[in-house]
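Protein chains: 4
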Amino acid sequence: MLSLSSGVSVVIKIGIIGYGYWGPNLVRNFSEIQESRVIAVSDLDPKRLNLVKTRHPDIQTEADYRALLANPGIDAIAIATPVSSHYRLALEALEAGKHVFVEKPLTETAKEAEALVAAAEMRNLVLHVDHTFIYTGAVRKIRQLVDNGDLGDLYYYDSVRINLGLFQHDINVIWDLAVHDLAIMDYVFPLTPVAVSATGISHVPDKPANIAFLTLFFDNNVIAHIHVNWLAPVKLRRTLIGGSRKMVLYDDLEPSEKIKVYDKGITLNGSKENLYNTLIGYRTGDMWAPQLEITEALRVEAQHFSRCITHGEASLSDGRAGLRIVRILEAANRSLREGGRPVKFDWLFGNATHSDRLPVEEAA
Amino acid sequence: MLSLSSGVSVVIKIGIIGYGYWGPNLVRNFSEIQESRVIAVSDLDPKRLNLVKTRHPDIQTEADYRALLANPGIDAIAIATPVSSHYRLALEALEAGKHVFVEKPLTETAKEAEALVAAAEMRNLVLHVDHTFIYTGAVRKIRQLVDNGDLGDLYYYDSVRINLGLFQHDINVIWDLAVHDLAIMDYVFPLTPVAVSATGISHVPDKPANIAFLTLFFDNNVIAHIHVNWLAPVKLRRTLIGGSRKMVLYDDLEPSEKIKVYDKGITLNGSKENLYNTLIGYRTGDMWAPQLEITEALRVEAQHFSRCITHGEASLSDGRAGLRIVRILEAANRSLREGGRPVKFDWLFGNATHSDRLPVEEAA
Amino acid sequence: MLSLSSGVSVVIKIGIIGYGYWGPNLVRNFSEIQESRVIAVSDLDPKRLNLVKTRHPDIQTEADYRALLANPGIDAIAIATPVSSHYRLALEALEAGKHVFVEKPLTETAKEAEALVAAAEMRNLVLHVDHTFIYTGAVRKIRQLVDNGDLGDLYYYDSVRINLGLFQHDINVIWDLAVHDLAIMDYVFPLTPVAVSATGISHVPDKPANIAFLTLFFDNNVIAHIHVNWLAPVKLRRTLIGGSRKMVLYDDLEPSEKIKVYDKGITLNGSKENLYNTLIGYRTGDMWAPQLEITEALRVEAQHFSRCITHGEASLSDGRAGLRIVRILEAANRSLREGGRPVKFDWLFGNATHSDRLPVEEAA
Amino acid sequence: MLSLSSGVSVVIKIGIIGYGYWGPNLVRNFSEIQESRVIAVSDLDPKRLNLVKTRHPDIQTEADYRALLANPGIDAIAIATPVSSHYRLALEALEAGKHVFVEKPLTETAKEAEALVAAAEMRNLVLHVDHTFIYTGAVRKIRQLVDNGDLGDLYYYDSVRINLGLFQHDINVIWDLAVHDLAIMDYVFPLTPVAVSATGISHVPDKPANIAFLTLFFDNNVIAHIHVNWLAPVKLRRTLIGGSRKMVLYDDLEPSEKIKVYDKGITLNGSKENLYNTLIGYRTGDMWAPQLEITEALRVEAQHFSRCITHGEASLSDGRAGLRIVRILEAANRSLREGGRPVKFDWLFGNATHSDRLPVEEAA
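Residue numbers (this note's numbering), protein chains in the order written: chain W, 4 to 367; chain A, 4 to 367; chain D, 4 to 367; chain X, 4 to 367.
The reader is advised that the hints may include incorrect statements.
It does not matter which identical chain is meant; a pair holds if it fits inside one copy or across any two.
As the list claims (entries may be wrong) - Lysine to any residue pairs mimicking SDA-like chemistry, simulated, CA-CA at most 25 angstroms apart:
no., residue 1, residue 2
1, Lys238, Asp289
2, Lys347, Asp209
3, Lys263, Gly288
4, Lys50, Ile283
5, Lys210, Gly155
6, Lys144, Leu167
7, Lys56, Gly155
These aren't lab readings, by the way, just hints derived from the structure by calculation.
Taking the hints into account, I'd like the entire structure generated from these sequences.
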């Protein structure tokens with residue numbers, strides 16, 4: 004579809020389905036980078052299409068997304084619609100030979116995600132999930148700190164994402180907010196989750212849970228906890244990452260110093276023979292807030308997606324990453340329904356199974 | 004033991020067992036209020052006893068706590084020793100006819116707590132557990148807001164207590180820190196917990212969990228979550244209480260404005276027939292930080308304990324409250340060992356039972 | 004120029020001179036309100052005009068502002084150019100019969116400001132200065148609190164506006180940042196300033212002061228202090244207003260709760276005969292953060308300006324307000340050059356005079 | 004008075020005059036260090052002396068301070084009384100051959116301070132002023148950063164010390180609070196102040212100013228500003244220090260990270276010939292919060308004072324430092340009375356003189 008010759012820069016032509024809450028950000032970023040151009044936008048709502056016309060008189064608007072899929076001048080489709088439509092739209096786009104950029108979470112079920120991954124790989128097309136956070140300067144810095152060994156052995160990931168609204172009608176608060184943390188961990192942690200326990204509740208009759216707490220068990224004695232709430236009086240976006248050498252506080256609402264690296268921790272003094280007598284010491288050193296890249300994450304991501312197509316870069320949040328996260332979300336839902344009963348993953352077989360042998364017992 | 008006649012103020016004479024971390028606060032407060040006097044202190048460590056002598060030359064010091072129990076001039080015993088010794092010391096004190104003030108948590112097992120409650124009630128002695136937080140101006144104000152109906156229907160309790168240290172050797176972080184929240188809820192919430200799910204992990208071999216997350220399910224669709232960690236780079240003591248009319252943020256580390264009351268929430272618009280179409284609105288109004296009583300909590304509590312003895316006041320944190328909390332802690336430990344599997348309480352029979360029928364399922 | 008008849012809504016047609024840092028905000032707001040329409044924009048820089056064309060294909064662009072003044076279809080001119088050009092451009096616009104909206108500060112000298120006021124009043128045209136802050140929900144709430152007497156007698160105004168950059172080349176940091184506070188006080192305080200003392204320094208050779216401190220003395224023992232700095236490592240926008248009954252903290256960087264009202268202060272107990280023995284008591288009560296209007300200030304202001312033209316509303320930041328502030332700025336510059344020597348205002352004669360009799364001495 | 008021989012550690016014997024607000028801290032610290040012992044305390048108020056007896060049964064109490072001066076077993080006198088009595092008490096103590104430790108500010112006038120310095124030097128006695136802040140880990144770290152050149156050229160010192168209360172009756176808020184900043188600058192800055200401008204006001208009839216703003220001009224284009232207020236609804240203790248290479252934020256109320264070092268600033272690009280065209284760039288790098296010594300400042304200071312006596316260490320806050328600060332305070336009072344008129348120092352002649360030639364003019 005693309006002819007790449009040295010010295011000639013190729014511009015990816017994008018069609019965007021959905022111009023609701025997030026779509027305008029996609030249009031703006033894919034328009035403003037040199038690597039891509041937005042050809043057309045579709046939306047079911049004529050008012051939203053009018054808004055596109057006013058803001059971007061040069062972009063074609065369509066009520067029916069199929070016009071975009073049928074357009075041979077379009078290389079890639081970006082999908083910013085409700086989760087329930089992701090699977091069908093992405094599949095049709097892949098079948099039409101388009102590269103695909105989908106909002107998170109990838110699909111409503113792991114089975115659907117697997118099908119999309121297969122469809123993309125079969126056709127050698129890029130399937131990219133919009134895990135925006137991993138393209139922020141903050142998360143890229145955390146990844147660097149982990150990779151460099153600056154944190155030492157990883158101990159825990161602990162995140163709080165709470166605020167008032169926006170209640171979703173079709174997915175619960177885990178699928179809406181915790182998905183960000185799952186994507187961050189998938190990118191940053193060189194670890195495999197083994198089980199999940201989730202609790203939560205809905206305060207609105209017949210609606211999905213609006214407050215939830217998710218514990219993820221990893222191998223190597225690492226634990227993650229994600230705390231999400233649509234009904235909180237204050238807004239918090241705060242993540243702690245504990246390691247044996249350093250600990251990180253990542254506060255996404257800080258205007259500057261989003262990342263603070265603390266030289267704090269414990270020291271263990273004791274013989275191997277007599278672990279019971281281990282003496283625990285406390286270590287406190289400097290704190291350091293590294294300067295971060297401040298380019299808008301979605302811009303970095305749009306450029307990366309374009310280069311995945313033109314230069315064959317591997318997407319950092321490809322369909323397989325999207326699938327891994329949907330698997331955890333599915334398992335979390337099951338645990339949530341069962342009051343926190345842990346659900347164990349059986350990654351070899353590609354699906355989560357219910358287990359009576361519990362991870363903590365095994366780890367102990 | 005006490006002869007109360009009108010116009011004559013009775014001074015309670017106290018013996019204190021344990022002069023470690025918390026003991027000095029007990030000695031100071033029971034010494035400085037008019038309602039009581041500290042007669043003697045015992046500790047196994049001669050250095051600690053020397054410190055008592057230097058600071059309080061008029062207080063008798065004893066290596067053996069039995070000297071305190073045998074002293075007919077002592078009305079009440081305060082116990083500030085490791086948890087594992089609470090049961091035995093409190094029981095001996097009650098058997099010696101002394102009123103008892105014990106550090107939290109009351110005992111290591113619910114069975115022990117039941118035995119202490121029975122021993123105190125049989126002898127008509129005061130058995131009081133040091134749930135210090137419920138005597139703070141902040142928690143008393145929250146209780147008032149709940150009692151007045153200012154918060155409306157309760158939705159959730161969500162608490163974070165994290166910092167670096169102090170690792171305990173015999174109890175896990177739930178028994179050390181979450182116990183504060185359990186005591187606050189026991190005092191503030193007119194609700195009965197029905198089940199608990201707890202997850203957590205230890206990062207030190209053969210030591211109790213140093214990071215843990217506890218979800219408590221109440222009847223009426225109320226949920227509580229407690230988040231405790233001895234290995235965090237920052238110190239937080241922050242609790243959110245959500246209600247249908249108002250929401251409270253209680254930050255114990257704020258030097259002033261520890262309590263903020265937010266007029267925020269959701270409004271539901273929809274017919275009963277068609278709940279699926281419920282429209283959720285968001286409501287934002289003023290925030291209000293009420294002035295709080297600033298008397299030291301332990302002083303308020305020491306006076307209350309004294310009046311329980313002299314005036315027959317009912318202790319706000321009596322043995323039965325202590326027992327309720329130990330029951331939850333015991334169940335939390337069981338859930339923790341099983342990776343979050345929910346443990347249901349059967350309050351009628353006074354013990355927690357493992358249940359396959361899960362609370363969230365029932366509530367739905 | 005405008006024919007107002009009942010039932011017919013009149014749309015003000017605007018021409019905007021200058022499309023640099025602030026111009027785009029003017030274009031956006033005057034475009035999006037129903038009360039006005041932007042007809043044309045002029046700028047000396049063709050690149051900026053191209054940007055206008057891209058963003059607003061329906062707005063006419065002109066390299067020469069005189070095309071706007073000559074356009075009979077334009078009712079009002081908004082000027083968003085460097086301060087040094089305000090006087091000339093505003094005067095020409097008034098002489099062309101246009102209403103005028105000018106960026107702050109109105110002019111470089113009080114004499115020029117007086118001339119503009121006279122020119123506008125002679126022609127019965129609206130002359131409006133863009134004192135944006137007084138159109139924020141926060142400042143309007145403060146005005147309300149002062150008007151209602153909630154603060155009691157006013158004691159002081161104390162403001163800190165610091166951050167890194169943006170160094171101006173032609174005006175010092177007082178004219179750039181303190182002007183906001185002078186405008187707020189002009190709007191909120193029913194008081195007349197009597198003298199000013201300013202200190203400051205430049206850290207860049209031959210450039211205007213980049214750090215400055217300004218004290219403003221009012222009658223009635225009220226004092227104001229403004230603290231501005233372009234070379235600070237952190238950004239602060241924080242104002243305290245002290246009154247005898249309540250005190251206000253206004254933090255413009257807070258995402259919510261920008262205004263906090265403290266029921267704090269002192270109480271004086273003492274006979275008039277023996278003032279020396281006055282006992283001072285300290286009073287602490289609740290804190291309250293009222294909900295604020297969140298409409299963008301410039302939108303509120305654009306609507307207000309339009310109604311000044313169509314409905315004869317009196318501008319809240321008219322030329323006379325702009326003049327009062329330029330007088331204070333001029334006096335501040337004189338004091339700044341003289342190391343803080345106070346400069347007294349003689350408002351009757353419309354100009355500031357240097358006085359050996361100092362305000363504080365007189366007030367004492 | 005002291006016989007120092009190698010291997011024998013000498014313990015300084017201290018008498019303390021005044022057991023009001025600060026005296027207890029002196030007694031506690033001089034008692035708990037090995038270098039000194041508190042022999043006797045005097046106070047005019049018998050209740051305060053009773054408190055000493057209760058807390059420290061082994062310390063002698065005296066209603067008349069002269070008993071301390073007459074006691075040959077006392078080596079040094081610490082004076083914690085109102086400022087107005089400092090001069091007389093310190094002089095008598097020196098005349099009695101005692102080393103002297105005085106609360107800040109040293110005296111009410113520079114003349115008195117000079118007399119004390121002379122009296123101490125004549126007798127070869129230690130005269131030490133309690134500038135506590137310079138013994139904190141935070142200020143010692145700042146001194147280190149300045150000495151190492153980490154900050155580059157110094158640009159400014161900017162401090163805010165505000166809160167509600169405690170109104171003093173005999174000194175204004177500059178003498179009470181700004182004195183801390185003057186002492187810190189005296190210790191940290193290798194610079195000589197050349198003039199001061201101060202403004203402020205009293206809101207209580209016939210009482211000293213309770214809100215004040217002080218600008219201090221140094222040579223080398225360095226400026227300092229101190230902002231003090233007894234009538235503020237919030238408590239702030241925040242100092243910014245700007246340098247050409249780094250900038251420091253020192254927040255004394257932060258429980259940890261009291262010092263933050265910002266790699267921020269401006270860069271100047273321009274030829275010397277054409278300064279007008281200097282381009283200013285903005286530089287932003289990492290932030291760093293060094294770990295600080297957390298020993299109580301007064302303990303460090305008490306040990307230092309003792310070693311000044313026993314080992315001939317030079318006091319870091321000796322009488323001459325106290326005198327320098329009283330000179331600035333005296334000049335500030337004069338400027339305050341005159342509405343901010345700058346008062347220039349003539350250090351060669353040891354006194355401040357009023358000058359028509361203003362520092363800023365000279366610097367320009």
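Hints, verified against the model:
Taking the shortest alpha-carbon separations for Lys238 and Asp289, only the inter-copy value of 16 angstroms comes in at or below 25 angstroms, while the best intra-copy value is 28 angstroms. In the homo-oligomer, the alpha carbons of Lys347 and Asp209 lie at most 25 angstroms apart only across protomers (24 angstroms), although the nearest pairing inside one protomer, at 28 angstroms, exceeds that limit. Taking CA atoms no more than 25 angstroms apart as the test, Lys263 paired with Gly288 passes in both settings, with 13 angstroms inside one copy and 13 angstroms between copies. Taking identical chains as interchangeable, the C-alpha atoms of Lys50 and Ile283 lie at most 25 angstroms apart only when they sit on different chains, with a minimum of 22 angstroms there against 63 angstroms within one chain.
For a Cα distance limit of 25 angstroms, the shortest separation of Lys210 from Gly155 across copies, 20 angstroms, qualifies, whereas the shortest one inside one copy, 42 angstroms, does not. In the homo-oligomer, the alpha carbons of Lys144 and Leu167 lie at most 25 angstroms apart only across protomers (24 angstroms), although the nearest pairing inside one protomer, at 29 angstroms, exceeds that limit. Taking the shortest Cα distances, Lys56 and Gly155 never come within 25 angstroms of each other, neither inside one copy (52 angstroms) nor across copies (46 angstroms).
Hint check: a violation occurs at hint 7 only; the rest are consistent with the structure.
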